[in-house]
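S.K.: Here the protein sequences come in this chain order: A and B. If you count by my numbering, then the first sequence holds residues 44 to 261, one letter each, in order. If you count by my numbering, then the second sequence holds residues 16 to 251, one letter each, in order.
Fair warning: there could be bad hints in the mix.
Said to hold, decoys possible - If you only want the chain B side, here are some residues facing chain A, beta carbon under 8 Å, derived:
hint, residue
1, A17
2, Y20
3, A47
4, G50
5, S51
6, Q57
7, F60
8, Q184
9, I187
10, F188
11, L191
12, R206
These are calculated hints, taken from the structure and not from any lab test. Glycine is no exception: its CB is placed at the ideal position from the N, C-alpha and C atoms.
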Amino acid sequence: MSTLPLSALFAPSDEQAMWRVAMQGDAQAFAQLMRRWETPIQRLGARMTGDFQRGQDLAQETFARLFARRKEYMPSGKFSTYLWRIALNLCYDELRRIERRGELSLDSAETEATAAWEALGTAASAPDALLLEEERAALVRDALLRIAEPYRTVVALRHYENLKFREIAKILDIPEGTVKSRMAEALTQLSRLLSPALKEKPNLCKTPTKKIEETMML
Amino acid sequence: MAYLYRELRGQAKADFQAHLEVCPRCQQDVAAWRGSMQNLDQWRFPRKQPVLGLAQPILKWGMAALFLIMVGYGIGRLSVAASNVETLRAAIEKPMRSSLRTELREELGAQLRQEWESSLRLAHIRLGDEVQRRLEQTAASAVARSTVETERLLAELARNNAENRSDDQPLIFAALRQFEAQRVADLQSLRKELETVAVLTEDRLQEAQGQIFRLAAYTQPSLIEPEAADTLQPPR
């Protein structure tokens, strides 16, 4: 038991591990990085594409690319920023491919989602709590797929991965204020898509006014 | 946004809260966004197994303990006849020690390897530096030595040259003296010949003069006087 904090003390940081990978092709250090980061990257892929299996494939691809381009890693920045960027680029590529193949018909997804959501709102008698939960998750997933990629990215990183706005700004290489305004827009769109009450009263979800922008910046 | 995700701190947070209390529009936005955030939370992934990396050492120790207990139990069962506490302990102690030893050795080995690797890397860098320094030193001394050698050779060459020159000088002087002597001799002989020529010429000149006088005396003896010029006039 006493070896636990000791080994944690000796464990290299992500940056050190990546440095070893880049300099010596250290397989052990790479395995360590994968252990630490595989799940978050899988989740990102899943949130971005709406498919958990695809998220796992994307994570694999991300680590393959990370290793292939290990020499390009500059230790000046945070390792996680570098990794998130690779993963996001792969997500975007994958979304392009999906779009070309026409696998995701967003229109049908929308109608299904909104219809199902409305049905949920009215149907008080759900046969099974677990089923209800699954249905709700599917609705959220479909709604996320409905909003534009820049918004979805910010939601995935801020809401699901709990990154700070500052970190997201660094990853996406945009001002922090833009990240916040994207998040606000994403939440507005999501509330429009997911809340039948708001859907009935479109006046309440107008595009952000100046006041709202001020709010977002805070 | 920062407020909703709890990134606001201190005064900024207090200011915003104060504003929120009096601004119905912001209240509305915040409420809508909070609703969206709650909705987003409904899409959950099945939680993964607790991180294996953290649980592994505990698991390992647990397995080792279980193994020891089983071994102890087995031995106890086998040695029921002589169920002596001392022998039992002796029997358990050995596998326990060996098991603990292997565990410790692995642990230590891993740490030592890590330290070894880092010190090796350090040594590698230091060695590189040292080699470079030595190389530079050697190169500098080689250059210095070769300069000295070059200078020595040049000096020798100059000396040899000088020697050669001093060897040649007497010869040249002798030759020059010989030339000089020859010249002087030639000059003397030339002068003698010239003098002979002069003497001869003078003799001949006097002879010719005598002949002229005689000729003159012969043709017009009275005209030996200075008015001889007139006498040369053709006869009237």
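S.K.: For a quick check of understanding: which of the numbered hints are violated here, in increasing order?
M.R.: 8, 9, 10, 11, 12
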